[in-house]
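K.L.:
Below, each chain spelled out in residue letters.
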Amino acid sequence: MRASQVSPANTEFVVMSFEGPDQYSKAGGLGVRVAELSAALAERGFDTHVMFVGDPNLPAEETVGDGRLHLHRWCQWVSRYYPEGVYQGENEKLYDFNESAPWYVMDKIVRPAAERGRIVAILGEEWHTAEAVSRISDLLYRNGLRKQAVQFWNANNTMSFHRINWGRLTFTNTVTTVSRYMKHIMWGFGCDPLVIPNGIPRRALDPVDESAVASVRATLKGDPLLFKIGRFDPDKRWNMAVETVARLKGMGMRPVLPIRGGIEPHGAEVIGNARALGLTVKEVRADGRSVADCLQALASAGQADVLDLRFFLPDDFVRIMYRAADAVLANSGHEPFGLVGLEVMGAGGIAFTGSTGEDYAIPFENSMVLDTADPGEIAGYVAHLQNHPSEKEEIRLGAARTAATFVWDRVLNNLVSKLEYIARKQGVLAAQEVSPTLSGGRDG
Amino acid sequence: MANDLIVYTVIHQPRRIKLPAQPIPKGAGPEDIERCLFDERMNERYFRKVAKWCYYPATRAFTELVEEGFKLSIGFSVSFLKQAEMWDQELLALFQRLVRHENVELVGVEPYHSFIFLVDLERFIQRMEWASDYLYGLFGKRPVVTDTTEMCMSESIYHALDRAGFKGAVLDGRPWVMGWREATHLYNAGKPLKLLARDYELSDDVGYRFSNRSWSGFPLSADTYAHWLREARGDFVFLAWDYETFGEHHSKDTGIFDFLRWLPAEVRRNGMDFLTPSEAIAKYGDHSYDLPLSAFPSTWAGSGGMEFFLGNSAQQAVFQLMLQCYNTALLTGKPELDDLALWLLQSDNLHLIQWFGRGGSEAEVSAYFTPDEWWELGPGGIISEQQQVYRNFLGALEPYL
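Chains A and B, in that order, are what the protein sequence lines are. First residue of the first sequence? That's 1 in my numbering, and the numbers climb one at a time after it. First residue of the second sequence? That's 1001 in my numbering, and the numbers climb one at a time after it.
Be aware that one or more of the hints could be misleading.
[Claimed, not checked] Interface residues of chain B toward chain A, partial, derived using beta-carbon atoms under 7 Å:
1. Gln1022
2. Pro1023
3. Pro1025
4. Gly1027
These are computed hints drawn from the structure, not numbers from a lab. Idealized CB from N, CA, C, for every residue including glycine.
Bound conformation, chain A alone:
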């Protein structure tokens, strides 16, 4: 008899992605997402396989956690020639991934699962896996196994959409994405994705060290204290952030903006723009990688309008900064989901988000949402919150409440529900039985 619901007893998961849990495999948010999502699935009791471009010096196959999380480090023979990380030798890895991973999924995961009467949910992440998941579907179909699998392919951003064969992908897979904004973009590619938001780990809700928060505020003396972190990408609207500092100064305030960007060349333009606006910019370096080292670096930074943090920021320190700042500028002009904004909220910070993929953000309830690219909009809201401290506290509380609804465990409910929906549609799961309600019976 077919089951009517997805459960660890009848379902296992395969998460396919270029990025993954190894340090070698993390280049951005995708690696974190895959690590967290797969860990959450395993914690819920699902046998979970992660196929990713893993560290060539670690075992090809490894089972971790309580024995339910199976890491499959793919493309290791290619990665040995490319020690710099997951995206070095990208095309070589992509070919190998497409060529070999689908067979493995069929022979080593789906077929044995089918023999045990289990369903396999295959989740592909990002454009790199679009071809592989299409091939998996074809292989399963040819081998009479397609009905044992439910296949989702997820877009976390629009990168390399032009390299995707959308007709083939949408025919073979259920396409998902992380926000309604992305959904609307993807309509233009002839698909109507299901929306399953990104998640954050439960530790992202842990209380922040308030003494460290106080120390940062006392050290930097920002009035207001702002903070911005991310790649130096024009989409992140860095120039809008530094222009906001200039506006606030013009309003008679004494803002301080610590920033942490990447190695991208746009950073030089941003710093140059800040200086052109008459702002003082200082590079800050740390002697170590601990939170204490970071706090020490801030203490010895001296005064400047913009502090360019040129050192590694551990997660705990980033959360201290989120909490300490009067405004964390997650003000992107194009954000598929905006995980930073959610992380800020988890730390009880005040996120200033853009208004694209940040479905979770409700202005003046749990965050400040920017409708324009006008630095005056940020400056105005910052000034308003400085003048209304109680509103600020309400927003911090609302932010924490919202963030709690996006922990992976909660997001999994959404994911599983949508899997069940598709699985029923495919006939993999039986229709759900509905109990009659007390008030809605035929005699009522």
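Once you have looked at the hints, place chain B on chain A.
P.N.:
Just chain B, lined up with the frame of chain A:
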């Protein structure tokens, strides 16, 4: 009337390159380069398919026939043998049993089914000697008569084979090769090496036309065919076919195995005897005739000239790339890379794209041998990706120069 019949079959499976071309990591070692170049999964798939429909039933049939007095000569490309060693030891054992039989003569072929003889004759001689050792190691017999690749023969190939110590060689008896001569006699081209000329009409009646319903000779029965063989004017008829004729080119339901089963008896009934090539040389060697060979190689493929392999621009481009790969690999001084370049010289990489820009029956034959999976790329995609394989190999050689 011809008194003797010589039957030769050649077994070959290409080592197909991987399309679309797999990018080779910078600095890759020879083993990793190799895995990027060749589609072993596809090769195994085709090997197993042909083994099922052809190699097993045909080998069992030939084994029975030789035990009943039929004589067979058989050539193996090392390209095929390596696949058999990797993927089907049982089949290999079946072939070893067949070849061990006294009525079976092992014939040499260019081991990788390559066109090395168009590139480097000295190396060709070495390769044929290497193949002889390889065959001896596997079958316990050494070939004394040899084929080349696609039955190519020219003046210079002839001299190379003579230098390599063979007693006889085969060529296709096309009119442009034979002139006024008949294919039914033993020939030489000025050296001790004797030449057996394939009767291309009678061979192709079975090899190509057997299952062709629009052919005037269809359906061909063993008694009719034996009669045609006996009617040939000369000393003997030399027939040569792809081994895959039996069960693969012509499927079982065409009646090809029944034809084969009855052919020896019908040949005998018509008064002909069977000979192996060596026996034919022994019998007719004292009065072999002079056959001047062309500088341009002949072949049993297509219309008999190298235009089948080098006649279109895509083939010419690949051939140029083959030369670059071979010579550049030699420069590296690394035997493993040199070996890969020899594989890339495999003639099939030219055969498979004969259809480019062409139509007609020859193009149909070429397209038949092009792997089905490649057609997803489209004709233009096949051509460009095939060239990309060679370019990738050249790029991979750079760190070794």
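K.L.:
Quick check on the hint: Gly1027 of chain B CB to chain A CB, less than 7 Å?
P.N.:
At about 5 Å, which falls below the 7 Å cut-off, the nearest Cβ of chain A leaves the hint on Gly1027 of chain B intact, so it holds.
K.L.:
Checking hints one by one. Is Gln1022 of chain B an interface residue toward chain A, by the C-beta closer than 7 Å rule?
P.N.:
Check passed: Cβ of Gln1022 of chain B comes within 5 Å of chain A, closer than 7 Å.
K.L.:
Hint check: is the beta carbon of Pro1025 of chain B less than 7 Å from a beta carbon of chain A?
P.N.:
Because about 4 Å separates Pro1025 of chain B from the closest Cβ in chain A, which is inside the 7 Å limit, the hint holds.
K.L.:
Hint validation: Pro1023 of chain B versus chain A, beta carbon distance must be below 7 Å. Holds or violated?
P.N.:
It holds, given that the least Cβ distance between Pro1023 of chain B and chain A is near 5 Å, below 7 Å.
The earlier numbered hints are all upheld by this structure, with none contradicted.
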